[in-house]
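The listed protein sequences correspond, in order, to chains A and D. Going by my numbering, the residue at position 16 of the first sequence is 10; the numbering climbs one at a time, nothing skipped. Going by my numbering, the residue at position 14 of the second sequence is 505; the numbering climbs one at a time, nothing skipped.
Hints should not be assumed to be uniformly reliable.
[Unchecked claim] Below 20 Å or equal to it, Euclidean Cα-Cα: the simulated EDC-like pairs (lysine to aspartate or glutamate) are:
hint	chain 1	residue 1	chain 2	residue 2
1	A	194	D	602
2	A	138	D	551
3	A	106	D	551
4	A	105	D	551
[To be verified] Derived contacts from chain D toward chain A, CB cut-off under 10 Å, selection only:
hint	residue
5	511
6	516
7	532
8	533
9	546
10	551
11	552
12	566
13	573
14	575
15	590
16	595
17	598
18	605
[As the list claims (entries may be wrong)] Just a sample of chain A residues kept apart from chain D, beta carbon distances all over 10 Å, derived:
hint	residue
19	49
20	253
21	297
Honestly, the hints are just simulated from the structure, not real lab data. None of the values given here were measured: they were computed from a predicted structure. Positions of the beta carbon are idealized from the N, C-alpha and C atoms, including for glycine.
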Amino acid sequence: MSRQHVKYLSFLAIVFAVFLISSSVFATSDVAAPVAPAAAESSMPWWGWPLILFIVTFLLGIVAVLGGVGGGVLFVPIIGGFFPFHIDFVRGAGLLVALAGALAAGPGLLKKGMADLRLALPVALIASSCAIVGAMLGLALPAKIVNIALGGTILGIVAIMLMAKKSEYPEVKQADNLSSALRISGVYHEVSTGQDINWKIHRTPQGLATFVIIGVMAGMFGLGAGWANVPVLNLMMGAPLKVSVATSKFLLSITDTSAAWIYVNNGAVLPMMVAPSIIGIMLGSIVGVRILAKTKPAAVRYIVIAMLLFAGSRALLKGLGIWN
Amino acid sequence: MTNKLQATEEQLAYAKLLDLGMKVGLLMLVITFIIYLFGIFSPYIPVDELPKYWTMSVKDYLKATDIHPGWTWLGMVGKGDFLNFIPIAFLAGVTILCYIRIIPILFRKKDTVYAFLAIIEVLVLVLAASGVLKAGGH
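This is chain A alone, in the form it adopts within the complex (with noise of 0.2 Å):
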């Protein structure tokens, strides 16, 4: 990457700091009065926030992408921490921010036999179920818990980014008797070598047993689960990188849409939230996409990691009460 690039990235970085600290001032002051409709006081326009909604939601669409992470796990601890939405709306227009990317990405990958539908629908079952339980449980938790809890998997999350190891090609000496019975293998053509990949899984029980998890941290932040299932699939399953990658982009239009269905039907979904949150981050994925064409920013990574670390703060302090 040029240095005209990292200048660039960093001048958005700076830009993109700012804005969400001036935000949260604003949001904050609207939050801080006495009782909510008061709230409605505020000097900014009613349109305001779905406006500065969509503007954020289409720059997360673009550093989605550049730094290799879905818009949903962005998308709850920024919106959340900076913005004056309560934390069941966000995490509902979340879910969906996420179904829509999954749904989006999934037809192509199925297509080309990236993401696997003999991997997925198995993981997708225990996904897809624990993710209803943890939609219950995230309604039903009191804000505060939900933001620390929130605040400390991000932080988590931003420690998996950081620490975790990948695999291109995962030794499996032997594939398990589940994943043998139940013919979970494949072979991928990988177009960067020219080879075609055979690949098969193991300690299949233990990685069905870790989406148990899984499902319920998806449902209960809305967050998408991206950043604990390719680990799951690729480290511990053996699956070969892409094809970890690919089936949980998929693995997502499932397990969200699930717990999506718990948050419309218990009321948590705002059209005027969710629908700019939508459009801005398909948008912003789209313009993502055109650029990662033409150059691949590693220092973006590094950026969604910086983001991760300042949102998962503000909703741990949030949550604590030392940072409202």
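Please build the complex by placing chain D on the supplied structure of chain A, with the hints as guidance.
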């Protein structure tokens, strides 16, 4: 090996329906949001009153607006804001349709285990969509 390089019949069928559903759903979302934004159908909650509701917890919001959770939005789609629930529900329902689409293919291929996995997944998603599961408010 040549066959394994190609996506399976059920995978392609799933992908095709998902692609169509996603495009239709997103297009509908843009259209209904424009209708809402320009006030073509009057909303249930006036847009200038939204800022006093979006800071509330969902429990307080439902109480303050007298909105009943579950599928009651279906009877309110004449309102600009609730009209947007059609594409949202559609996007959240596409996966169920995709699963239903592949069940007969899996049975035809005598892939009984996966056919039953798909049936159970449909039941799980239908249960989530049914509105039967209520979260206790805080």
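**OP:** Provide an ascending list of the numbers of those earlier hints which the structure does not satisfy.
**Re:** 3, 4, 7, 8, 12, 16, 17 and 20
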